[in-house]
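Colleague: All chains, full assembly: derive it from the sequences and hints.
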Amino acid sequence: MFELINKLAGAYGPSGNEKQVSALIRSILKDKVDEIREDALGNLICVKKGSGKKFMLAAHMDQIGVIVTFIDDKGFLRFGNIGGLRPQVILGQRVVFENGTTGVIWYEENIDDIKKLKLDKMYIDIGATSREEAEGMVKLGDQAVYAADTKLQNGKIISKCMDNRIGCAILVQMALNSPKTENEIYYVFTAQEEVGLRGARTAAFGIVPDMALAVDVTGTGDTPESKPMAVRLGAGPTIKIKDASVISHPAVKDRLIERAKSANIPYQFEIMTFGGTDAGSIHITAGGIPSGGVSVPTRHIHSSAEIVDMKDVENAVELLEHFVK
Amino acid sequence: MKEALNNLKKLTALDGISGEEKPVREYIISIIKDYVDNYYVDNMGNLITYKKGRGNGPKVMVDAHMDEVGLMVTHITSEGLLKFQTVGGIEGRVLVGKRVRIGETCVPGVIGYKPIHLQEKKERASAVDIKQLTIDIGSKDRERAEEKVQVGDMVAFSYDPVEFGDNKLMAKALDNRVGCAVLIELLKHSYEFDLYGCFTVQEEVGLKGAKTASYQIMPDIALILEGTTCYDVPDTKEHDMSTVSGDGPVLTLMDRTVITDRDLVNKIIDVAKNNKIPYQFKRTISGGTNAGRIQANAEGVKVAVIAVPCRYIHTPVSVMDISDFENSYRLSKRFLESLGVSIDLYREEGGKEYV
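Heads up: the protein sequence lines correspond to chains A and B, in order.
Going from the first sequence to the numbering used here is simple: count from 1 and add 441.
Going from the second sequence to the numbering used here is simple: count from 1 and add 198.
Keep in mind that the hints are not guaranteed to be accurate.
Straight line, CA to CA, 30 Å or less: simulated BS3-like cross-link-like pairs of lysine-lysine [unchecked claim]: (1) B:471 x A:515; (2) B:435 x A:580; (3) B:531 x B:474; (4) A:515 x B:435; (5) A:580 x B:474.
What the simulated footprint calls covered on chain B by chain A, stretch by stretch (three residues with Cβ under 8 Å from a Cβ of chain A suffice, anywhere in the stretch; the number is not a length) [as the list claims (entries may be wrong)]: (6) 433 to 442; (7) 481 to 487.
It is worth saying that the hints were derived from the structure and are not from the lab.
Beta carbons: idealized from backbone N, C-alpha and C, even for Gly.
Modeller: Have a look at this one:
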């Protein structure tokens with residue numbers, strides 16, 4: 442499964458420009474599901490037909506990044522954020538554009554206190570020395586993402602955009618395993634989650650499932666002096682109780698707990714006081730959709746080196762397969 | 199375009215604070231009713247117009263919000279002064295010393311402040327707290343004030359539009375009467391596809407009207423016409439200037455509410471280049487537009503924004519370049535004409551269908 446994760450993490454897909462990820466998933470699942478379609482926002486909807494209940498499993502394809510808002514005379518790029526970026530975290534990071542152009546994020550050095558650093562005092566250096574040269578390499582509105590590779594080490598994966606290619610990988614793996622069930626399963630790879638849970642809303646409207654799960658990442662509370670959170674790396678996928686965007690539907694949550702227990706799959710509860718997931722927009726779509734989530738405990742979310750545990754990932758696949766049966 | 203400019207001036211002279219857009223809507227109806235096949239006003243107050251197309255193209259919605267920022271009377275003091283809340287984004291600095299008019303009967307008033315002679319040093323140095331401000335309608339006491347206004351009345355800036363300088367127009371409510379004026383002109387022509395021209399309500403308080411309008415229409419594509427921020431005055435670094443007045447219509451790539459559809463934006467850029475119409479990108483990603491709401495409607499809509507740069511937006515004296523207004527109209531019209539009968543609505547091969 443690492444190979445699949447590696448491939449997905451390597452695809453370029455900032456919010457609004459997910460087509461590489463979408464094409465990759467489409468090519469993998471082409472003959473493995475009954476129908477593949479894409480909607481106006483770029484959501485990829487893969488359907489395994491069935492006569493039973495409709496289950497929607499959503500994993501967002503998009504990743505955080507930066508968008509070029511201005512190119513100055515000397516060839517430096519000013520940028521805005523796509524999704525949640527902290528200035529101190531992106532400082533000194535290498536980023537890459539869709540066309541392969543590489544840049545590094547740096548800052549106006551006359552700042553007196555680095556704590557006060559804001560994105561509008563930062564820029565991307567692509568090694569250009571004039572506006573003309575820079576414009577030959579990137580255009581206004583071009584988006585860039587972290588440039589970083591994916592490593593498997595000691596059973597853990599260190600990579601950019603585990604948020605949320607790990608969710609995509611889980612759903613793709615599950616579709617490949619094709620769990621035996623009468624139920625109809627919608628593997629939905631959503632667009633534009635990082636900028637406000639946008640894709641999942643239109644996807645859910647088109648499907649109106651009986652139950653929905655967002656498959657995403659969640660924080661952990663197991664690093665030095667971290668914010669308190671009862672989630673540890675390697676202690677199992679989490680069953681969402683709530684995050685800032687949704688309170689899980691009891692029927693969904695209970696079904697997950699029951700299936701995890703009976704199949705002897707380790708799990709933890711996720712109570713996230715910050716951040717949202719696609720479940721936040723799915724559950725209030727159409728007439729209301731019972732929704733919840735399964736997440737992979739992830740350290741250093743939204744940095745260029747997020748860490749997940751392979752065991753949690755594999756257990757998440759298993760839990761989801763039991764869930765839809 | 200003379201007529202369009204006159205229309206724009208008339209539109210800015212009307213008051214339409216969010217939730218009370220009727221005067222603007224009625225004026226628009228009086229102009230467009232002969233140009234469209236059908237129109238109606240929905241429960242929220244959106245004016246939805248329909249023009250049947252010549253062919254089978256996609257269903258296209260063009261949106262311009264009618265409402266403007268303003269104030270609402272919340273309390274009348276025993277001295278006959280009016281306390282108020284802002285409706286939409288207005289800050290204290292903008293309010294002091296401004297003439298306003300209140301309610302349907304346009305009762306004149308003014309927002310005063312302590313004269314400079316009486317201010318403490320600290321007060322001079324800091325921004326005005328809106329809570330300290332009141333509207334003076336010249337009434338002796340509460341009883342006399344209540345004869346003219348009541349709690350809940352909307353308050354608009356009382357400023358007439360002025361053409362000045364090198365092809366500039368100064369007016370209140372350019373955001374977004376400028377979009378309304380462009381849409382009115384667009385409705386005077388017919389297109390290949392079915393066109394829904396929507397004059398929406400309550401944008402300034404959270405993009406509310408566009409939500410119900412797009413739900414009723416279920417468009418494939420939506421073009422949002424707007425007045426947008428412009429800050430190109432001295433002491434601003436080039437990259438902090440959101441747009442530049444006079445440099446042409448503004449295309450939004452991303453803001454707080456939307457990432458616009460890249461295929462549509464590229465199409466607009468092609469149209470601009472082919473027709474030698476200037477254009478610029480918005481350089482900041484702040485603010486929001488109806489595009490955010492419409493894009494996420496139902497099963498999703500491809501959206502793009504064409505906007506006119508407005509200096510001093512959300513004040514009684516916003517300023518635009520008349521050429522930007524004219525070019526926004528030209529660009530929108532050429533773009534709509536280019537949509538024709540065949541546009542693919544899905545980005546990837548193997549998508550569901552092509553219209």
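Colleague: A separate judgement is required for each hint: does it hold in the structure or not?
Modeller: Results of checking the hints against the structure:
| no. | hint | in the structure |
| --- | --- | --- |
| 1 | B:471 x A:515 | holds (26 Å) |
| 2 | B:435 x A:580 | holds (20 Å) |
| 3 | B:531 x B:474 | holds (14 Å) |
| 4 | A:515 x B:435 | holds (14 Å) |
| 5 | A:580 x B:474 | holds (19 Å) |
| 6 | 433 to 442 | holds (count 3) |
| 7 | 481 to 487 | holds (count 3) |
Every hint, counting from the list given before, is met by this structure.
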